[in-house]
Amino acid sequence: GAVVSQHPSRVICKSGTSVKIECRSLDFQATTMFWYRQFPKQSLMLMATSNEGSKATYEQGVEKDKFLINHASLTLSTLTVTSAHPEDSSFYICSASDEPGLGETQYFGPGTRLLVL
Amino acid sequence: GEDVEQSLFLSVREGDSSVINCTYTDSSSTYLYWYKQEPGAGLQLLTYIFSNMDMKQDQRLTVLLNKKDKHLSLRIADTQTGDSAIYFCAESILDSGYALNFGKGTSLLVTP
Chain B
1 GAVVSQHPSR VICKSGTSVK IECRSLDFQA TTMFWYRQFP KQSLMLMATS NEGSKATYEQ
61 GVEKDKFLIN HASLTLSTLT VTSAHPEDSS FYICSASDEP GLGETQYFGP GTRLLVL
Chain U
118 GEDVEQSLFL SVREGDSSVI NCTYTDSSST YLYWYKQEPG AGLQLLTYIF SNMDMKQDQR
178 LTVLLNKKDK HLSLRIADTQ TGDSAIYFCA ESILDSGYAL NFGKGTSLLV TP
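Protein sequences, first through last, are from chains B and U. For the first sequence, this note's numbering assigns the number 1 to the initial residue and increments by one for each residue that follows. For the second sequence, this note's numbering assigns the number 118 to the initial residue and increments by one for each residue that follows.
Honestly, the hints are just simulated from the structure, not real lab data. Beta carbons: idealized from backbone N, C-alpha and C, even for Gly. Any given hint could be a false lead.
[Unchecked claim] Simulated pairs of lysine-lysine, DSSO-like, Cα-Cα distance not exceeding 30 Å:
id, chain 1, residue 1, chain 2, residue 2
1, B, Lys41, U, Lys221
2, B, Lys20, B, Lys64
3, U, Lys173, B, Lys64
4, U, Lys173, B, Lys20
5, B, Lys20, U, Lys221
6, U, Lys187, U, Lys173
7, B, Lys64, U, Lys184
8, B, Lys55, U, Lys221
9, U, Lys184, U, Lys153
10, B, Lys41, U, Lys153
[Claimed, not checked] Interface residues of chain B toward chain U, partial, derived using beta-carbon atoms under 10 Å:
id, residue
11, Thr17
12, Met45
13, Thr49
14, Gln106
Extracted from the complex, chain B is given alone in its bound form:
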């Protein structure tokens, strides 16, 4: 199946710094990428949907100025957590799709664990 990578897999940063997480589709062109967040022992919550070349659509309650999403190419989307605080510590997972809505065509990355001290 298709492969989606995320980098870094883990990051620890100080409060107030910004952290960039990359999501890459390695062997297909992803017209749509999704960003999810998972707090410990909880489910994945959709943060935003990004389509290549256009602005991301954020879910209610997700601050677009804090979580900057860029989907500049068909194989790369980035999520930047600006001025991170301890409450932003979470597991961030992206998924990529070339045909959203069709069965198994949404592929998940391995996730990035963020710890803000």
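Given the coordinates of chain B, work out where chain U should sit on it, guided by the hints.
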């Protein structure tokens, strides 16, 4: 989105069948999914079912879909200790570009 409901815990003995239940919310979902997550790991797609089907079998896994009641179940036959993990059901949401709305997950513990 609205809540996709799952029971939180299930414990079974090795060799028995496990049945994990889920109630979803969006009657227009075209696909419904089951994912597995092991501790500290990402998501593994186990299986999915198209909304016009009522059953799908894939080796030890059987998915049943009751569209009228918006009820989805996953049956794992001959459950093994390696099946211990958290299982998430998910529905695709048309209004979010087919992003997935996940349940809270069912923690399956398989005892020897």
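Requested in this report: With a cut-off of 30 Å on the C-alpha distance, tell me whether B/Lys20 and B/Lys64 pass.
Outcome: 14 Å, holds
Query raised in the report: Hey, U/Lys187 versus U/Lys173, does the alpha-carbon distance stay inside 30 Å?
Result: Judged against 30 Å, a Cα distance of about 16 Å means the pair holds.
Query raised in the report: Taken at face value, is the distance from the CA of U/Lys153 to the CA of B/Lys41 at most 30 Å?
Result: Roughly 14 Å separates the two Cα atoms, so the pair holds.
Query raised in the report: Given the hint that U/Lys173 pairs with B/Lys64, does the C-alpha gap stay at or below 30 Å?
Result: 40 Å, violated
Query raised in the report: Does B/Thr49 meet its interface restraint, that is, does its C-beta lie within less than 10 Å of any C-beta in chain U?
Result: 5 Å, holds
Query raised in the report: Quick one, are B/Lys55 and U/Lys221 close enough, alpha carbons at most 30 Å?
Result: 29 Å, holds
Query raised in the report: If you draw a straight line from the CA of U/Lys173 to the CA of B/Lys20, is it 30 Å or shorter?
Result: 40 Å, violated
Query raised in the report: Given B/Gln106 as an interface hint, is the shortest Cβ-Cβ distance to chain U below 10 Å?
Result: Hint holds; B/Gln106 Cβ to chain U Cβ min 7 Å, cut 10 Å.
Query raised in the report: Can the restraint linking B/Lys41 and U/Lys221 be considered satisfied, given a maximum Cα separation of 30 Å?
Result: The hint holds at about 8 Å.
Requested in this report: Assess, step by step, whether the Cα of U/Lys184 is no farther than 30 Å from the Cα of U/Lys153, and give holds or violated.
Outcome: 22 Å, holds
Query raised in the report: Holds or violated: are the alpha carbons of B/Lys64 and U/Lys184 at most 30 Å from each other?
Result: Status violated; Cα separation ~36 Å.
Report task. Let me know if the C-beta of B/Thr17 comes in closer than 10 Å to any C-beta of chain U, holds or violated. Result -> Interface hint status for B/Thr17: violated (24 Å vs cutoff 10 Å).
Checked against the numbered hints above, the structure breaks hints 3, 4, 7 and 11 and satisfies the rest.
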